[in-house]
Structure formats: C-alpha cells, structure tokens
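S.K.: Chain residues, written in single-letter form:
Number of protein chains: 2
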Amino acid sequence: MKTIADLGEDGLITRLCQDLATSPHVLVGPGDDCAVIDSPDLLTLLKTDAVVSGVHFRPDEDARRVGWKSIARVLSDFAAMGGQPGEFMITIALEKSTPASWVTDLYSGITKCLHQYGGVIVGGETTSLPTGAPALVSISARGTVARDHLVTRSGGKPGEGIFVTGSLGGSITGKHLDFSPRLPEARWLCENFKPTAMMDLSDGLAKDLPRLCKMSQVGFQLQPDQIPLTPGFSLEAALNDGEDYELLFTSSRENLLLQAWPDFFPSLPLTKIGTLTSDPGDQLDGGWDHFGERP
Amino acid sequence: MKTIADLGEDGLITRLCQDLATSPHVLVGPGDDCAVIDSPDLLTLLKTDAVVSGVHFRPDEDARRVGWKSIARVLSDFAAMGGQPGEFMITIALEKSTPASWVTDLYSGITKCLHQYGGVIVGGETTSLPTGAPALVSISARGTVARDHLVTRSGGKPGEGIFVTGSLGGSITGKHLDFSPRLPEARWLCENFKPTAMMDLSDGLAKDLPRLCKMSQVGFQLQPDQIPLTPGFSLEAALNDGEDYELLFTSSRENLLLQAWPDFFPSLPLTKIGTLTSDPGDQLDGGWDHFGERP
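If you read the protein sequences in the order shown, they are chains A and B. Position one of the first sequence corresponds to residue 332 (this note's numbering), numbered consecutively onward. Position one of the second sequence corresponds to residue 332 (this note's numbering), numbered consecutively onward.
Some hints could be false.
Any copy will do: because identical chains look the same in the list, a pair fits if it lies in one copy or spans two.
Unchecked claim - List time: in silico SDA-like cross-link candidates among lysine to any residue, alpha-carbon distance up to 25 Å: (1) K333 - D391; (2) K525 - E585; (3) K427 - T462; (4) K538 - A431; (5) K488 - A537; (6) K427 - G573; (7) K427 - S384; (8) K603 - G490; (9) K443 - G490; (10) K506 - A537; (11) K443 - N571; (12) K427 - S459; (13) K333 - P390; (14) K545 - T458.
Hints were generated in silico from the structure; no laboratory data involved.
Bound conformation, chain A alone (with noise of 0.2 Å):
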C-alpha cells in the first residue's frame, strides 16, 4: 500500500491537482505563491499556509515568534506576486490542555506582524485535538494586487538578470521565526523595476530556483560566488537551508536596478547570482554542476 511519504509532497500535490476542475476567473491556480483571481478593478490573491509544532517551531517556542512567523509567511507570499495583504483567517488546533497564555501570546504576535505590514484578521477556527497532538496554526488570507504590479514566476526570460535580496542560509539560528516579510522592497520593485517573475525564498534556493525557473520554462546558470552568505555560514547553508523569506526575482533592467536600490532600501543587500539561460536543462546541468566549480 503506498503511503503519502512514499508519493513525496511533490508528487502528493501533483495527484491532488491533476484533475481539478478551473474557472475562467482564476488568473493563477495551485502551483504560484499565491493563487490570482480576476475582479473588476484590483486583482484578489488568495493564499494559505499551516505551522505545524515540531515541524516549523519547537514546542517550546515563544508563542508571540510563533504567531509572527504564521502571518509573516503569509506576507510573504503576497510580497511575491507583487500584492498587499488583507483580510486574514486564523485556524488554531491545540489540546486542551494548552494554556491560554499560549494562544493569547500567539495572538499577540499575530497581531503585532498585522500591525506593522497591514491586513486585519476577519474571522477563525479553533478546534481542541486529542493529548499529544502537535500544535497546528493556519492562516488563510486575501490580498489584492494591481493588475499591473502582478509577478508571477512564470515570466522569466533567457538573458535576464537573477537577483535575491538579503543574505541566505543559516535562518535556523532565528531568522525562520523573526523574519520580515519583504512587502516594501516587493511593492517599490513592482512600482519602479517591475520583476519579470519572482517568488520569496521557502524551501532553499537549490529547491526553489528550479521551480521559478520550470514555471518560466527556462534553465538557469548561478555564480556561486555572488551568493549572498549570512556571516557564518557556507554556500550549502545557503542553497540549502531554507526559511530566508527572500525575495528572489529575474529582470532585465539589471545596472539602473542595482543603482537605484541601496538609496531605498540601504540596509538590505540587493545581489545579482545568475542569469536566465534558453536551455531548461540548464537548470540541472549547466546550472548546478557550477556547483562542483565553487571557489
């Protein structure tokens, strides 16, 4: 009998999604950071994301970074496809026996992130499970996008720069829990250097170049040695490790961009890492056995 751990989440989703039915009003369905619903005037994002105890927090952790993380995740992905946020949807699964202090603190930093990036919580769950059961938050949430500040990571083109903002790998010291959501950087691109396809950094950039690129059709070729590493850590950690919630994105406009952004944003590196190529299999060739060059 196959298990779900044997399909992968990949291929779990990939089932999951073959046969779906569609609507002429959904722009972009599953497989972006966020799905795209056409309306009359703003575009509508949808998106939804679980945290999971003892998978993406310790059991032990501060409630408050908890629910920081659970939104700023969600902000995230808004960031990506160039939107704002908006009405936000709380789900919590606890045993009973968790103490209230614990979801008071959690709400505490649910609404401290809202507070500081925008978006209003409109609604919930909350539903207890058997002693034992890890802690489950899940946020669902609606945000709009301008019809012509949409990125998707479909629209990557050969030639075009590839840029991430930030330093990547080592997010386990904190930074997965505190991260900032890179909604003004995201905003101010789509306003002045409209990315031609962006994502924000989850999974690593080894795991979540590729997807940019398949999505774009495109292969990729990386200079390792512009990536971006967070003092202390190694290139592996940084292709690697996951959770840098950074914005990662390909244009073309590469010398006015790079000119252009430390007056805005002077505290956060903007750093070219590759080019587009014309040959999707460079994505895994060309690209990653670059990777065996590294100085």
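Following the hints, complete the assembly by docking chain B onto the known chain A.
M.R.: Frame of chain A; chain B shown alone:
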C-alpha cells in the same frame, strides 16, 4: 494556570477577538457564518473551517465522506449568508504513513461536492504530522453575494416568524457526513422572500437560535411541538444533537412563504417553529422555559 479547556471555545474566541484591528472594508467580522468584505460589485464572503479525525469524523470513516463533509460545511455557511461559492483552498495535515488512497478518496469527495454545488480549488497546503496525530482537513474559501441578497444573523425583528428547513436531530446516523448544503434553497429565499436574519444549524437549535437572537438583539418564543423531528428522534435530539446543516431564518412574510415553498422544494419541509420577541431576556427565560411544558 488557566488552560483553553477552562476558558471554553466561546471564552477563548471572545478573548482573542476583543482587541482586533478593523477596516472600513470589513462589513461583517468574526461572529457570523462568514466574514463579509466590501467590493465594488459583488460583496466578498470569506470562510475557514476545519474537521479533525476523532472529533468530526471517525478515524476509519470513508475518506470520500470526510471530503464531502469538509466542503459541504463551508457551502452551508455561504448559503446562510445568501452567497455563492467561489474559490477554495484545501489544507491537509496527515501522518506520513497515511495511505495515498485516503488522500485521493478525500479529494474525490471534495471535488464531487464542488462539482455539484459550484466552486473551484485554487490552492492548498499539505503538512506532515507525527505518527499518531489525528488527520486534519482545513478548508478556506472565498464566495460572493449580491449586495441586496446578503443576510446576516443580526437583522431579526420582534414579531417575525422563526423558520427551519428539513428536520432536526439524529445527524450522527449519517447526515452529519452526507448532508446537502442548502444553497439552492437559500438562493431562492434571498431572491423571493429575503430573510431578515439567517444562519445554518451546526451546533443544534438550542445553541444556534440564541446566537442568532443575540446578534439580532431580540428574544424568542418557540413552539416545541412544531419543531420538525427526524423520524425516530426526540425533541432533545432535535435541540441538541447538532450538525443538522439546515437553514434557520426569520421572516415576516409567513403566509406567502409557506404557500410558495412546496412548489419549489416539494421534498424538503419548511416549518415555522416560533416567533421573535422584543425582550432579549426571553431567549433564556421565556424561550427555554417552554421546554418544561412541552407535550
């Protein structure tokens, strides 16, 4: 140390909602069947809901019925606001040893229900749980409702009749899984005899009617001998079993409504079960005292 069991679900929700930020776009926030967001044309409905193994379905239940139930519960909430389903996001949290066929069966029930009532899947989330943790299926969805069809829980007026569709009680024998969300019936009502207040019966008439009356700031007088009982079940069951997923609504157009209904829904009873009163105290005193006198 106070736990969430000490607070109870209503106490917990009250505490979590007390300091929430709001927005002028949010017409209805937490506390009704769905949140309602202002939009230039159709209003937007937002809803999230979760079912957990061992709480909402037996661990050995046919996953197709679990899938149907998980979607139909949300459709029932859209119906209760006079709305129509739009886009759905499916979050599933399962232990890794779950058979892949369980998940495909779950989706089979989900898509069967969406195919029958409308709505498309646009995204989701899968996350693994430690061995032994109960399966959780969380559905979040966006719906729409025409501005002049929106019905909340808060518009009931003294003197109006209280109506229910179908029969109440005994859902545990199967209806709690295989019920028909009352979307066509609610749509017809909103187009022809727009209720002043409406909700779906999920926690039992004894809990849900007082909630509707509290939101409408009215009381109620029930006629217990008029409550439509599922054959083989008692008045207590009709009041307390819950998971009826029938419509509970209020209207002043009693005669015309009861006359027109059977032509459109010949196989589904519509019953007047009582009257709204002007004294909110009735909902505990006058209202429930009647049950001491039932035949």
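S.K.: Now, for every hint given, state plainly whether the structure supports it.
M.R.: The hints, checked one at a time:
In this homomeric assembly, K333 and D391 come within 25 Å of each other (Cα to Cα) only across copies, at 17 Å, whereas the closest approach inside a single copy is 34 Å. In this assembly of identical chains, K525 and E585 lie within 25 Å of each other by CA distance solely inside one copy; the values are 12 Å within and 58 Å between copies. In this homomeric assembly, K427 and T462 come within 25 Å of each other (Cα to Cα) both inside a single copy, at 7 Å, and across copies, at 19 Å. In this assembly of identical chains, K538 and A431 lie within 25 Å of each other by CA distance solely across copies; the values are 24 Å between and 38 Å within a copy.
For a Cα distance limit of 25 Å, the shortest separation of K488 from A537 inside one copy, 19 Å, qualifies, whereas the shortest one across copies, 61 Å, does not. Within a single copy, K427 and G573 get their C-alpha atoms only as close as 32 Å, which misses the 25 Å cut-off; across copies the closest is 21 Å, which meets it. In this homomeric assembly, K427 and S384 come within 25 Å of each other (Cα to Cα) both inside a single copy, at 15 Å, and across copies, at 15 Å. In this assembly of identical chains, the alpha carbons of K603 and G490 lie at most 25 Å apart only when taken from the same copy (13 Å versus 70 Å across copies).
For the homomeric pair K443 and G490, neither the shortest alpha-carbon distance inside one copy (41 Å) nor that between copies (45 Å) is at most 25 Å. For the identical chains of this complex, K506 and A537 are intra-copy neighbours only, at 19 Å inside a copy versus 48 Å across copies, given an alpha-carbon limit of 25 Å. When the C-alpha separation of K443 and N571 is checked against a cutoff of 25 Å, the pair qualifies neither within a copy, at 30 Å, nor between copies, at 39 Å. Taking identical chains as interchangeable, the C-alpha atoms of K427 and S459 lie at most 25 Å apart whether they share a chain (6 Å) or sit on different chains (21 Å).
In this homomeric assembly, K333 and P390 come within 25 Å of each other (Cα to Cα) only across copies, at 18 Å, whereas the closest approach inside a single copy is 30 Å. For a Cα distance limit of 25 Å, the shortest separation of K545 from T458 across copies, 23 Å, qualifies, whereas the shortest one inside one copy, 38 Å, does not.
In summary, the numbered hints that this structure violates are 9 and 11.
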